[in-house]
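There are 4 protein chains.
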Amino acid sequence: MSARNSTSDPSASNVAKFKSLDTKIQQVLREAVEARTFAYCPYSKFQVGAALLCENGTIYRGCNIENSAFTVGICAERTAFAKAISEGNMKYKAIAVIGYQEKSFTTPCGACRQFMSEFGNIDVYVAKPELDQVLVTDINQLLPHQFMHPSSDYTF
Amino acid sequence: MSARNSTSDPSASNVAKFKSLDTKIQQVLREAVEARTFAYCPYSKFQVGAALLCENGTIYRGCNIENSAFTVGICAERTAFAKAISEGNMKYKAIAVIGYQEKSFTTPCGACRQFMSEFGNIDVYVAKPELDQVLVTDINQLLPHQFMHPSSDYTF
Amino acid sequence: MSARNSTSDPSASNVAKFKSLDTKIQQVLREAVEARTFAYCPYSKFQVGAALLCENGTIYRGCNIENSAFTVGICAERTAFAKAISEGNMKYKAIAVIGYQEKSFTTPCGACRQFMSEFGNIDVYVAKPELDQVLVTDINQLLPHQFMHPSSDYTF
Amino acid sequence: MSARNSTSDPSASNVAKFKSLDTKIQQVLREAVEARTFAYCPYSKFQVGAALLCENGTIYRGCNIENSAFTVGICAERTAFAKAISEGNMKYKAIAVIGYQEKSFTTPCGACRQFMSEFGNIDVYVAKPELDQVLVTDINQLLPHQFMHPSSDYTF
Ligand SMILES: [Zn+2]
Ligand SMILES: [Zn+2]
Ligand SMILES: [Zn+2]
Ligand SMILES: [Zn+2]
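Residue numbers (the numbering used here), protein chains in the order written: chain A, 124 to 279; chain B, 124 to 279; chain C, 124 to 279; chain D, 124 to 279.
By construction, these hints were calculated from the structure, which means they are not laboratory data. Fair warning: there could be bad hints in the mix.
One copy or any two copies: either way a pair holds, since identical chains are not told apart in the list.
To be verified - List of simulated lysine-lysine pairs, DSBU-like, C-alpha gap at most 30 Å:
id	residue 1	residue 2
1	Lys168	Lys226
2	Lys251	Lys226
3	Lys251	Lys168
4	Lys142	Lys216
5	Lys147	Lys214
6	Lys226	Lys214
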């Protein structure tokens with residue numbers, strides 16, 4: 124196992140069988156699989172899909188969108204959040220992320236973890252498109268010791 | 124006039140009256156005004172809205188979404204594009220951008236120009252929420268000498 | 124304690140007294156304090172400094188650099204890494220990060236954790252400018268379940 | 124000619140012979156060629172170098188630094204600026220950018236144009252590593268109608 128792949132606290136997350144999950148979560152994962160087909164990734168050829176479940180039951184789908192200048196692209200998770208937020212949906216329950224890597228789960232990148240953490244802790248489900256094994260975790264586990272802007276400077 | 128505000132080629136763009144514009148463009152601008160109300164900008168308090176007109180007539184709305192770690196946020200223009208792309212709409216005609224600055228137009232930032240340029244040249248309409256004067260330009264004018272990834276390396 | 128501030132695995136990191144640390148680490152922390160004075164942060168007024176210790180003993184300093192378009196800025200940690208990399212120094216031992224927040228440690232944002240994880244696991248020391256209490260952690264703890272690009276596609 | 128490659132105002136920039144340039148600018152271009160060799164770009168294999176000339180004569184070198192999560196990387200231009208800023212050098216005269224593309228100049232991406240514009244207008248020299256033809260332009264030409272944050276909100 125490489126250092127980069129190690130998990131400091133393995134017990135903090137679980138791998139579950141897709142069929143053992145709540146049916147609503149199964150639907151969210153299926154929508155993430157569909158969302159993935161819209162990925163615009165001519166540079167990496169690496170397709171990622173996401174589906175964000177809001178507290179009111181609405182699901183927003185996202186895919187990764189690359190750019191010839193790599194740093195300007197957007198990931199699938201942020202696309203899904205941006206859709207929800209821009210339509211006034213600000214309360215979330217869970218996000219599903221789908222990518223295909225033979226030997227590892229396609230977890231959210233650090234930038235997405237930071238972006239998502241702004242809106243509180245939600246469950247995160249990560250799987251391959253065949254929807255068999257699912258990594259079950261949450262934002263707080265994925266981003267411990269979160270950076271918080273000095274809140275006293277701002278009124279929300 | 125400050126150096127940062129100067130325009131190297133003033134003739135490359137025009138300021139038009141809102142009422143003189145095509146009625147479809149007027150609608151796009153109005154939707155951008157509405158989109159702006161969803162902005163999540165607790166750090167800057169600076170709300171921006173965008174509305175992207177696809178070739179098939181669909182309009183996607185976006186707003187800016189900030190983060191406590193500033194670099195991880197998303198602008199209104201990218202939000203609108205991400206929504207369209209993640210639903211399979213890849214052909215665009217125009218984008219409207221709405222922000223309120225007393226003395227200047229809230230033009231797209233360089234990152235958004237780069238992001239949008241990936242998908243070809245479209246018209247860009249920039250106005251204040253009161254929809255009076257409208258800066259009319261396009262992506263090619265906003266991003267001359269565009270960076271292009273060595274295309275021979277990629278098959279689209 | 125807010126949800127955003129909670130740590131899923133408190134035992135994964137420690138708070139140490141500055142004076143109890145290795146003298147080289149003390150020096151790295153002091154250089155981060157000095158680096159912080161160069162922060163360009165007219166928008167947030169929130170100064171951050173970093174100092175990166177290379178395996179060969181060289182220390183590179185960084186500060187945060189903001190932009191009127193927030194997403195385009197750079198954090199202190201990435202500045203320090205960029206300096207080292209652009210001078211051919213690719214092996215690291217530790218990074219120190221200094222910010223002032225009354226009630227919390229100014230930990231690296233998710234984007235910086237992602238950026239740093241590319242170069243392996245190193246120790247991370249986080250403190251306030253007065254250099255009293257120091258949060259001692261590392262990249263793997265700060266970014267569990269790291270995203271790894273499908274390595275089979277690339278030859279390093 | 125593709126739409127993405129067109130220039131709205133060709134007269135706004137020039138292509139000069141390397142040997143016709145000021146000797147200091149020739150040196151800056153040569154340093155950018157050397158800086159390019161440090162590029163960390165395992166994903167694109169596309170090396171870029173930059174060298175930033177400060178008003179006091181100091182030259183800072185930068186290279187592009189990629190990340191497995193593409194959006195988190197840094198370009199050569201921003202690396203050079205970050206080095207200068209983090210050492211207190213805030214006044215610039217020119218930047219040189221070197222990349223190899225057979226048929227086009229490797230111009231700064233939109234994110235870098237935005238980042239650089241924060242610090243005023245400077246000359247930009249773009250060339251291939253063989254240092255023959257040099258595109259001579261400046262930030263204002265590369266980023267017309269710049270976005271400016273509502274300055275009344277901030278005191279610099
Ligand atoms: Zn991501
Ligand atoms: Zn923008
Ligand atoms: Zn950061
Ligand atoms: Zn760039």
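Against the structure, the hints come out as follows:
{"no.": "1", "hint": "Lys168 with Lys226", "result": "both (17 Å within a copy, 24 Å between copies)"}
{"no.": "2", "hint": "Lys251 with Lys226", "result": "within (10 Å within a copy, 40 Å between copies)"}
{"no.": "3", "hint": "Lys251 with Lys168", "result": "both (16 Å within a copy, 28 Å between copies)"}
{"no.": "4", "hint": "Lys142 with Lys216", "result": "within (19 Å within a copy, 44 Å between copies)"}
{"no.": "5", "hint": "Lys147 with Lys214", "result": "within (16 Å within a copy, 33 Å between copies)"}
{"no.": "6", "hint": "Lys226 with Lys214", "result": "between (33 Å within a copy, 27 Å between copies)"}
The structure shown violates none of the earlier numbered hints.
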